[in-house]
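S.K.: Residues per chain, in single letters:
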Amino acid sequence: MYSHTEERLTFWEKFQERYFMNSKAGKIFVYVVLTLWSMTTIFPLAWVLLNSFKESREIITGTFNVPSDPTMQNYINAFETVNIGKSYLNSFIISGSVVLLVLFLGGLAAFAMARMQFKLRGLLQALLVASLLIPAFATIVPVYRMMIGMDLVNTYLALIIPQTAGNLPFAILVISGYMATIPKELEEAAHMDGCGRFKMFTKVFLPISLPSFSTVGIFVFLWSYNDLFSSLVLVSHEKVAPIVVLLSNVSSQYGTDYGLMTAAIAMTIIPVLIFYLFAQKTFEKGATSGAVKG
Amino acid sequence: MKGDKLYIFLFLAPAFAVTGVFLYYPFVENILQSFYKTDGFFNSTFVGLENYVRLLNDEIARGALFNSLELMLYVTIFQVGIALILAIMVNSITKGAGFFRTTFFFPIVISGAAIGLLFTLIYNYRNGLLNEMLVNLGFERVLWLTEQSSLYMVAIPTIWNYVGFYFVILLTAIQKIPNDFYEAAQLEGITGMQKMFKLTIPLIVSDLKTCIVLAITGTLKIFELVYIITKGGPANSSEVLGTYMYQKAFQDSAMGYGATLAVLIVVLGLTLAFVTNKLLQKDEVTY
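From first to last, the protein sequence lines are chains A and B.
Under the UniProt record's numbering, the final residue of the first sequence carries the number 294; numbering is consecutive throughout.
Under the UniProt record's numbering, the final residue of the second sequence carries the number 287; numbering is consecutive throughout.
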């Protein structure tokens, strides 16, 4: 019995020695799998981009071909028929304001949470962690009623305020986590030099904690820019609707205009992709730090 | 420091005022709303547990619940599973690791709305990506979004979208394992696949646990992809709790019942997070 298992183990070992990691064949296998997965992420986007430069007719006849006569017409249509430029602007106004508000309010609160002693600290910390578990579904009905009551529905504020509230706990936790690691000596030295609390925040802690601010900023921007659910409820009017709402309308209204659809997808994706390629390191760091906090 | 009280208040008050009014208060208010029959404005009557009784007898809600749970299963297994395999593989190579990190991660930055639209084009009957591939290979076109298949068809982009996220978490965890462990294992004669099962995986169990909890609770937040690709259809076959809640509260103007569905989502999320945490606690290994 024993020798039997041992034999199987040796066979298993031989198998992996030969076919996994340690051998040339193993390396090739690894590269093939990794390349296949990266193709699933690149290929659909390349396909959309390629088709966005074709006439709708050509998309139907040869969806994989390189455009025979590249045209910007789909992009022009996106601007003219569905006014994609306006939704872009709306997206940037809304998400930009959310990021600034979250960083400003969250930064101040994080400083107090990380560097000051007070009785309610533990309770507030627990409250912040707990609020990470509140999904938008659980607040949207009352928020909608409040916004109607304040006559704010279909204004930028209707989305900016709840999104700010929703993202603040995450921001405070990440930034205060970062600020807590800054050595006490620095704080004492600044105090010796006559720094008050507010100056200490702006002149000492804010500059040192910039990496955490940028991580939070990037993620909050992304979540806000991509948030379809709250946008549908609170700012669905085309005058203020962000680009994700436009996309969901395009699919139901112009679902057969493949050229327009591909151009609209490309235009939504390209800015964030460029943004991602520039800030890739921060993105990935944020993913891991955010995960630990969650 | 002395005299900090004022500053503590000044620093904390704005942030907690905003979250208090627009996060915590609505959260509590939503629970209260679930005991009312209301369209949100004109008619509002206290009905006690009636919404909850309705929930128990609502077949579509039950279907949405089961669909959410089924998605949760697929998402957890495949998202975390694929991410783990990819992370171990990328960790084992030197050339091209940066390229794979970049390309694996980037679906995350794309909005669910754009991915949803992208996949409607991929699944399209007439000239979608999949059917065009089939035709080019000499096969017949396939109707991809049917009552039987719709849930899988929304599971695929959901999984694809977030694999990169768990991949980065797990890769970071693997790279944090001190090298001495592998050297010691080498001396003991542990190699290849065994190294993976006896060393790497046990040492990243706590990160795997984080991923699993995130995958489970994340599934309850699914809305965009389903809303865009299938709208929950055909015949509610891909309805999930998020889309059903949206439909009830904002399209059928049953805000009270919508609030009840939201309570269900929260309770489910808390319970599942708690249970998975408890179940996975034993296996923790630290270094």
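Treat each hint with caution, since some may be false.
What the hints assert, rightly or not - One-sided and incomplete, this derived list gives chain B residues near chain A with beta-carbon spacing under 7 Å: (1) Leu-12; (2) Gly-40; (3) Val-109; (4) Asn-127; (5) Leu-130; (6) Val-168; (7) Lys-221; (8) Phe-223; (9) Ile-265.
Bear in mind the hints are in silico, worked out from the structure with no lab data behind them.
From a predicted model like this one, the values you see are computed outputs, not experimental measurements.
Idealized CB from N, CA, C, for every residue including glycine.
S.K.: Taking the hints in turn, state whether each one holds.
M.R.: Taking the hints in turn, this is what the structure says about them:
no., hint, in the structure
1, Leu-12, "holds, 5 Å"
2, Gly-40, "holds, 6 Å"
3, Val-109, "holds, 5 Å"
4, Asn-127, "holds, 5 Å"
5, Leu-130, "violated, 11 Å"
6, Val-168, "holds, 5 Å"
7, Lys-221, "holds, 5 Å"
8, Phe-223, "holds, 5 Å"
9, Ile-265, "holds, 5 Å"
The structure does not agree with numbered hint 5 stated previously, though it agrees with all others.
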